[in-house]
Each structure stands twice: as C-alpha cells, then as structure tokens.
Amino acid sequence: MERVLEIVHLKKSFGTHEVLKDINFNVNKGEVVCIIGPSGSGKSTLLRCINLLEKPSGGKILYKGKNILEENHDIYAYRTKLGMVFQQFNLFNNHNVLSNCTVGQIKVLKRSKKEAEEVAMKYLRVVGMEQYINAKPKQLSGGQKQRVAIARALSMEPDVMLFDEPTSALDPELVDEVLRVMKKLAQTGLTMLIVTHEMEFAKEVADRIVFMDKGIIEEEGSPEEIFNNPKKERTRDFLRRTLK
Amino acid sequence: MNFEWIVKVITNYWPMFLRGAGMTLFISLLGTIFGFIIGLISGVIRSMPMPESGIKKAILKFVNIILSIYVEVFRGTPMIVQAMVIYYGSAQVLNINMNRLAAALLIVSINTGAYMAEIVRGGIVSIDKGQFEAAYAVGMNHIQTMTNVVLPQVIRNILPATGNEFVINIKDTSVLNVISVTELYFQTKTVAGNNFRFFEPFFVACVLYFIMTFTVTRILRFVERKLDGPENFTMIYNPMQI
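Just so you know, the sequences run in chain order B and C.
For the first sequence, the working numbering gives the first residue as 1, with consecutive numbering after it.
For the second sequence, the working numbering gives the first residue as 1, with consecutive numbering after it.
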C-alpha cells in the first residue's frame with residue numbers, strides 16, 4: 001500500500017505547554033482515518049501541524065517519502081496536495097460560492113477560468129450545492145457553507161483531505177447533510193483524515209481509528225477493534241463516556 | 001451682511017473660485033488615492049508573517065521600523081508645518097525647486113498615507129484569522145492571500161474611514177496656501193485682498209467647500225452600497241449548462 005503521509009516523532013508545544021508528544025502514524029492511499037479523543041487531546045493541533053498552519057516543534061512529516069519540514073521545501077505546493085476543511089467553514093467572504101471554489105485553482109494551480117469553473121461545478125454537484133453558485137457565504141446556512149468548503153477543497157484535487165471537526169459548529173439538524181456528503185466521498189476511494197466527535201459516523205466510514213489522549217496516540221486499530229474491543233483503559237473510559 | 005456684495009463677488013470672480021475649487025478637489029482626490037495606495041502597501045508589509053531565515057527577517061524588521069517612523073512622524077506633526085519644511089527645505093537644503101502642485105500632491109499623499117497605513121492595519125487585524133488560514137490551506141502565499149481574500153474585505157470595511165480622509169483632505173488642503181498653491185482658500189484670500197471685503201468671499205468659499213464635501217460623502221455611500229452587492233441571490237435551476 002502506498003503511504004501518502006508518514007508522521008514521525010511529531011512534537012508541538014505552545015510555550016511550555018506540550019500539546020503533541022511524540023506522534024507516530026501513517027496515512028495510506030485510499031484510506032479513511034478517523035481521529036477521535038477527548039477535547040484538548042491535540043487532535044486539531046495534529047491536523048493543523050500536518051498542513052503547517054502550526055509549525056511543529058520537532059519530528060518529521062513525510063509526504064510521499066519527503067520530509068516537508070526540511071528547509072527550502074515548497075510548503076505552498078505541498079499545501080495544494082492537502083485539502084483542508086475547517087470547523088468554522090472559513091469560506092472566503094468576498095467570493096461567491098463558485099469563485100470560492102475557483103480562486104485557488106486559478107491563482108495557485110494556474111488553471112484557466114473555464115477549466116477551473118468546470119472542475120468547481122463537478123465538485124459542487126458532488127456536494128449538492130450547484131444551484132447556489134451565485135450566493136455569497138453570508139447567505140448560506142452552516143451546513144451549506146460546510147458543503148461548499150468541502151467542494152472548495154476538492155476542487156484543488158488534493159491527495160489527502162483533512163477534516164477538522166467539520167460538523168462541530170453546526171446545528172444538530174444540519175450535521176447529517178455534511179456527514180452524508182463525507183460518506184459519499186469515503187466510498188469514492190478518496191484519502192481522508194478526519195478529526196471528529198461523531199462516533200457512529202467514524203464507526204461506519206473509517207478504515208482505521210486513531211484514539212488520541214493528552215498529546216499521544218493511545219490506541220490505533222480498525223473500528224471493530226477500537227469500538228468493540230479496546231485494549232487500553234483510557235480508550236474504554238472515553239468510549240463509555242461518549243457512546244452511552 | 002451685504003447681499004449685493006456676495007452677488008458681485010460671484011459674478012466678478014466665479015472663474016477664480018471655480019479654478020480654486022477644482023484645484024482643491026484635484027489635490028485632495030489624488031492625495032487620497034496615493035495615500036490609500038501607500039496605506040495598502042504598508043499594511044501588507046506590516047502584516048507579513050516573520051520569516052525564519054536571518055537575512056529576510058532582518059530586512060523585514062528594518063522595513064517595519066522605517067514604516068513605523070514614517071507613520072509616527074507624519075501623524076505627529078501638522079500638515080501646514082510639513083508643507084513648509086518639505087517645500088522650503090527641498091529648495092534651501094537640497095537646491096531642488098519643486099513645482100508647487102507637485103509639492104502639494106506629495107505632502108497630501110504622504111500625510112494621508114500615514115493615516116491610511118494605520119487604518120489599513122486595523123482593517124487587516126479585524127479580518128477573521130480563518131480567512132487567512134483557508135487561503136494558506138489552498139496554497140496561497142502572503143501576497144496572494146492579501147490580494148485575493150483579505151484586502152478586498154479590508155477595502156470594503158475601511159471605505160467609510162477612507163471617505164473621512166477624503167473629506168478631511170478637501171478641507172485641509174487649505175493649509176497649502178502657505179506654499180502658494182492656488183487652491184480654493186488661496187484664491188479666496190486673493191479675491192478678499194483685492195476688494196478689502198472678507199466676509200463675502202469667504203462665505204462663498206464656505207458654501208463651495210460644503211458642496212464638495214457633501215457630494216463626496218454621498219458618492220462614497222453609493223459606492224459602498226454597490227460594493228455590498230445585492231441582498232439576494234438567484235438560484236440556478238439548470239446548472240448542467242454551466
């Protein structure tokens with residue numbers, strides 16, 4: 001299996017506070033990996049370190065075998081290979097739905113406007129937002145915004161999609177529409193790394209579950225192993241509290 | 001108050017008043033535009049993330065210090081004094097005989113630029129961090145992030161403050177009469193001196209200043225509404241065509 005991302009001894013501290021302590025794990029091509037764990041365990045920080053929105057304090061991040069933390073590595077080109085979906089959507093407020101999905105393609109990937117629009121429409125159809133291309137972000141509901149944000153990330157045609165708690169900022173009745181889109185994507189063979197609190201969803205879509213607590217990976221395994229037969233006490237504790 | 005004198009001043013001297021008003025508008029418009037550009041550039045530079053490497057970091061720090069000195073000095077001294085120092089200073093110290101209009105434009109531009117730099121910086125700071133992160137996440141660098149995502153939002157948000165600067169400039173160009181720029185105040189002073197009548201010419205100038213500032217304010221409100229775009233959007237019912 002082809003390894004897309006390899007995280008080796010990754011560390012991150014904010015001042016004296018060590019958020020990530022020695023993280024090691026891999027993401028393979030076509031795999032859906034869900035990261036679960038209590039709040040403050042470093043899940044989001046890990047994701048933000050992977051696309052360098054936070055600068056790791058130590059360790060390596062290998063993308064297709066190359067360490068992107070080495071000096072002179074083109075981080076801008078690397079970031080186009082990762083699609084990021086944020087908890088707070090972060091759609092570009094000054095762009096409408098269509099140009100949210102085209103601006104990155106045109107300015108960064110140097111695609112023509114026509115090509116960019118074709119690609120954007122393809123993914124806007126996938127998320128079911130193709131009728132809203134003229135709308136500005138402030139005119140959309142949270143679920144609609146998040147679906148556009150997913151289409152924006154997909155439009156860059158990345159190797160890996162990173163989802164940072166994509167449904168945590170949504171009203172409960174809007175969570176499903178976003179999860180449905182993500183399930184659909186998971187079936188297409190897209191490589192996805194998802195930080196989530198939606199346990200049922202994780203159980204259903206994940207090929208592998210990573211349980212994090214207090215800045216380390218406590219346990220890692222298939223959904224069956226983690227949910228039905230967790231080995232560590234902390235994993236059991238966490239699941240007991242969240243699943244009930 | 002002598003109403004006939006007002007009529008007389010207007011009928012005899014209207015070309016001078018109009019030229020003066022035109023000059024005032026010209027200097028304040030160009031000064032505001034240049035100042036705005038200076039402000040944007042300075043804002044982009046001052047919001048740059050600090051590079052890791054030594055040389056780049058040192059250069060950026062140095063430029064930032066220069067920019068802060070510029071802002072502090074030009075905000076902290078009166079424009080009337082800056083006009084004297086720059087115009088006569090360039091003549092006496094540097095032996096450059098500046099064109100009065102060019103000097104006027106330079107003074108108003110760099111003065112406005114100092115204020116705009118702070119306004120733009122405030123505008124950039126107020127943009128949600130998520131907008132930057134989303135732009136970085138699609139692979140944009142700082143300049144691309146600024147021009148495609150951040151500055152368009154900043155410009156919309158600081159338009160009222162920019163309008164303020166424009167209005168202030170229309171009024172404050174009057175201080176340029178100290179270097180004999182033929183703007184409205186200078187022309188009015190000339191008319192007043194020729195006739196030994198002060199109230200009437202300056203009353204006319206007053207009305208002209210107000211007409212200019214009021215019109216500019218209305219136009220800017222209109223531009224703001226245009227930039228905001230329509231309240232509603234149209235759904236596309238057969239998106240397959242696109």
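Heads up, a few of these hints could be off.
[What the hints assert, rightly or not] These stretches of chain C come out as covered by chain B in the derived footprint (C-beta under 8 Å, 3 or more residues):
| no. | region |
| --- | --- |
| 1 | 21-35 |
| 2 | 135-149 |
| 3 | 229-236 |
[Stated by the list, open to error] 25 Å max Cα-Cα, derived PhoX-like pairs, lysine-lysine:
| no. | chain 1 | residue 1 | chain 2 | residue 2 |
| --- | --- | --- | --- | --- |
| 4 | C | LYS8 | B | LYS55 |
| 5 | B | LYS136 | C | LYS56 |
| 6 | C | LYS171 | B | LYS55 |
| 7 | C | LYS226 | B | LYS55 |
| 8 | C | LYS8 | B | LYS136 |
| 9 | C | LYS129 | B | LYS11 |
| 10 | C | LYS8 | C | LYS189 |
| 11 | B | LYS138 | C | LYS171 |
| 12 | C | LYS61 | B | LYS107 |
| 13 | C | LYS57 | B | LYS55 |
| 14 | B | LYS138 | C | LYS61 |
| 15 | C | LYS189 | B | LYS81 |
The set of hints was computed from the structure by calculation and includes no laboratory data.
Glycine included, each C-beta is placed from N, C-alpha and C at the ideal position.
| Which of the stated hints cannot be reconciled with the structure, identified by number in ascending sequence? | Numbers 1, 4, 5, 6, 7, 8, 11, 12, 14, 15, in rising order.
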